[in-house]
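Residue numbers (my numbering), protein chains in the order written: chain A, 1 to 44; chain B, 45 to 439.
The reader is advised that the hints may include incorrect statements.
Claimed, not checked - Derived PhoX-like pairs: lysine-lysine, alpha-carbon spacing no greater than 25 Å straight-line: (1) B:K270 / B:K79; (2) B:K172 / B:K379; (3) B:K78 / B:K172; (4) B:K254 / B:K378; (5) B:K172 / B:K319; (6) B:K117 / B:K249; (7) B:K220 / A:K17; (8) B:K270 / A:K38; (9) B:K172 / B:K401; (10) B:K319 / B:K78; (11) A:K38 / B:K378; (12) B:K172 / A:K38; (13) B:K378 / A:K17; (14) A:K17 / B:K172; (15) B:K266 / B:K378; (16) B:K78 / B:K377; (17) B:K401 / A:K38.
Honestly, the hints are just simulated from the structure, not real lab data.
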Amino acid sequence: MNFNPMNFITNLSYMLKGMIGIFVVIGVIILITVLLNKFTGGKK
Amino acid sequence: MDLISFLYENFTHITWQMPVMWAIGGILIFLAIKKDMEPTLLLPMGFGAIMVNLPFSGAVTQYRNAAGEIISKAQYDSLIEQGLEAEIEEGMLSVLFNAGIANELFPLILFIGIGAMIDFGPILTNPKLMIFGAAAQFGIFFTLCMASMFFDINDAASIGIIGAADGPTSIVVANKLGSNYLPAIMVAAYSYMALVPIIQPPVIKLLTTKKERMIRMPYEQKSVSKLTRILFPIIITAVAGLVAPSSVSLVGCLMFGNLIRECGVLNQLSETAQKVLANLITIFLGITIASQMQGEQFLDINTLLILGLGLVAFIFDTAFGVVFAKFLNLFLKKKINPMIGAAGISAFPMSGRIVHKMGLAEDNQNFLLMHSIGVNVSGQIASVIAGGLILNFFM
C-alpha cells in the first residue's frame with residue numbers, strides 16, 4: 001500500500017463523470033416514467 | 045502417549061490470527077442474534093469465519109505435497125511447475141465460492157429475489173423523487189477518490205462501491221474488477237447497512253435545522269396502471285444497458301424479478317423468488333464469503349482502512365442527499381423536507397423508515413413514509429446504475 005494524496009485530485013474526474021452519468025440516466029428514467037404514466041394512465 | 049497425540053497435534057498449528065478471527069466471527073454472530081443486525085448474512089459469515097480459521101480446515105481447499113504434508117497454494121503451484129507430485133483436497137466452501145461468487149452467480153440470482161420483493165409504486169406515482177436516489181450515490185465516487193490515495197484504482201473503485209449500500213452490487217463490482225479485498229468489502233457493506241440506523245441520524249441532524257426537519261410533505265394517492273408497472277422494468281433494463289452495458293446483468297436480474305412480480309400471471313414464481321430462492325441463496329452467500337476470511341489474508345491494515353473508507357462512503361451518501369435536497373429547496377415554492385434526501389441510499393427499507401421516524405420525532409403529524417420509501421426504492425435503482433458506470437469506467 002502506497003500513500004499518494006495526488007491520486008485524489010487525479011481521480012476527481014471519475015467523481016464528476018460518475019455523478020453526471022448517474023443524474024443523466026436517472027433523468028432519462030424520470031422522463032420515461034412521466035411519459036409512461038401519461039400514455040398508460042387510467043388503464044388498470 | 046503417541047496413541048493420543050493425534051488429538052492435540054493440530055493445536056500446535058494454531059496461529060495468532062486464528063483466535064482473532066474466531067473472536068471476529070463471534071462478534072458477527074453476536075451482532076446478528078443479539079442486535080438483530082442483518083442476521084441473514086452476518087450469522088453465516090460469522091460462523092463461516094470460525095470454520096475456515098481452524099488449522100488445516102477441510103471447509104476450504106488444502107494443498108498437499110507428495111509426503112502428504114499441508115503446503116501453501118504458492119508452494120503447490122511451484123511443485124506442479126517443476127513437474128513434481130502434489131494434490132488438492134477441495135473444501136466445500138471453496139467449491140461454493142468458485143461456483144457462485146467468483147462468477148457472480150449468487151448475487152445476481154439474489155437480485156431476482158430482491159426485484160420480486162420491490163414495489164416500484166411509490167416512484168411510479170412520483171417519479172421526481174428518483175433524483176434523490178441519484179444524489180445519494182455521491183459517497184461512492186467520493187470514497188473512490190479517497191481510496192485511490194491508498195489502493196490501485198480497481199481496488200479503490202471496489203471499495204467506493206461499498207457506498208452503494210447494496211451487498212450484491214458490491215460483490216459483482218469487486219469481483220469483476222478483480223479486487224483482492226472482497227471479504228473486507230463484503231463485511232463493510234453488510235455491517236454498515238445494518239448500522240444505518242446509527243450512522244444516518246447524526247449526519248442528518250448535523251446538516252438540517254429543526255424547522256427543516258418539520259417541513260410537512262402531503263402525499264397524494266395516485267393509481268398506477270398495470271401496463272406502466274409491466275413496461276417500467278423492461279424499459280429501465282434497456283436504458284441502463286444502453287448507457288452502461290456492464291450493468292445489464294445487475295439491472296436485468298433486478299428488473300426480471302420485478303417483472304415476474306408485476307406481470308400478474310407468475311404469482312407462484314414471484315413468491316418463490318421472494319422467499320425460497322432468496323433464502324436459499326442467502327444461506328450460501330454469507331458462509332461462502334466467509335471462505336475468504338482466512339486470518340492470514342484478512343487481518344492486515346488494509347482491512348481496517350477499508351472498514352474506515354466504507355464508513356466515509358455511507359456518511360457522504362447521506363450528507364450529499366440531504367444537501368442536494370436543501371439546494372433544490374432554494375428554487376422550489378413548495379419546500380421538500382431535506383431529510384428525504386438521506387433515504388436515497390439503497391439500504392431498503394431501513395433508510396426510508398429512519399427518515400420517517402425522524403420526521404415524527406420533530407412533529408407527530410409529519411408523515412414522510414411514502415416519500416422516504418419512494419426515495420429509498422429509487423436508491424436501489426441508482427446504486428445498481430452507479431455500479432454499472434463504475435464497471436464501464438474500469439473494465
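Outcome of the hint check:
The hinted pair formed by B:K270 and B:K79 fails the criterion: a straight-line CA distance of about 40 Å is larger than 25 Å. Our distance criterion of 25 Å between C-alpha atoms is met by B:K172 and B:K379, whose separation comes to about 14 Å. Of the pairs offered as hints, the one joining B:K78 and B:K172 is violated, with about 39 Å between alpha carbons and a cut-off of 25 Å exceeded. A threshold of 25 Å between alpha carbons decides the hint, and for B:K254 with B:K378 the separation of about 18 Å falls inside it, so the pair holds.
With a C-alpha separation of about 31 Å, the suggested pairing of B:K172 with B:K319 is violated against the 25 Å cut-off. Under the criterion of a C-alpha separation no larger than 25 Å, the hint pairing B:K117 with B:K249 is inconsistent with the structure, at around 50 Å. A distance of roughly 20 Å separates the Cα atoms of B:K220 and A:K17; the hinted pair therefore holds under the 25 Å criterion. Between B:K270 and A:K38, the direct Cα distance comes to roughly 13 Å. Compliance with the 25 Å bound is thereby established for this hinted pair.
Under the criterion of a C-alpha separation no larger than 25 Å, the hint pairing B:K172 with B:K401 is consistent with the structure, at around 22 Å. Between B:K319 and B:K78 the alpha-carbon distance is near 24 Å, which keeps this suggested pair within the 25 Å criterion. Taking the CA atoms of A:K38 and B:K378, the gap is near 23 Å; set against the 25 Å cutoff, the hint holds. Among the hinted pairs, B:K172 with A:K38 is consistent with the structure: their alpha-carbon atoms are about 14 Å apart, no more than 25 Å.
A C-alpha spacing of about 31 Å is found between B:K378 and A:K17, which places the hinted pair above 25 Å, so the restraint is violated. Between the alpha carbons of A:K17 and B:K172 the distance comes to roughly 22 Å, so the proposed pair stays at or under 25 Å and holds. Between B:K266 and B:K378, the direct Cα distance comes to roughly 19 Å. Compliance with the 25 Å bound is thereby established for this hinted pair. In summary, the hint linking B:K78 to B:K377 is not supported, as the alpha carbons are separated by about 46 Å, beyond the 25 Å threshold.
A hinted pair counts as satisfied when its Cα atoms are at most 25 Å apart, and B:K401 with A:K38 does not qualify at roughly 33 Å.
Violated hints, in rising order: 1, 3, 5, 6, 13, 16 and 17; the structure is consistent with all others.
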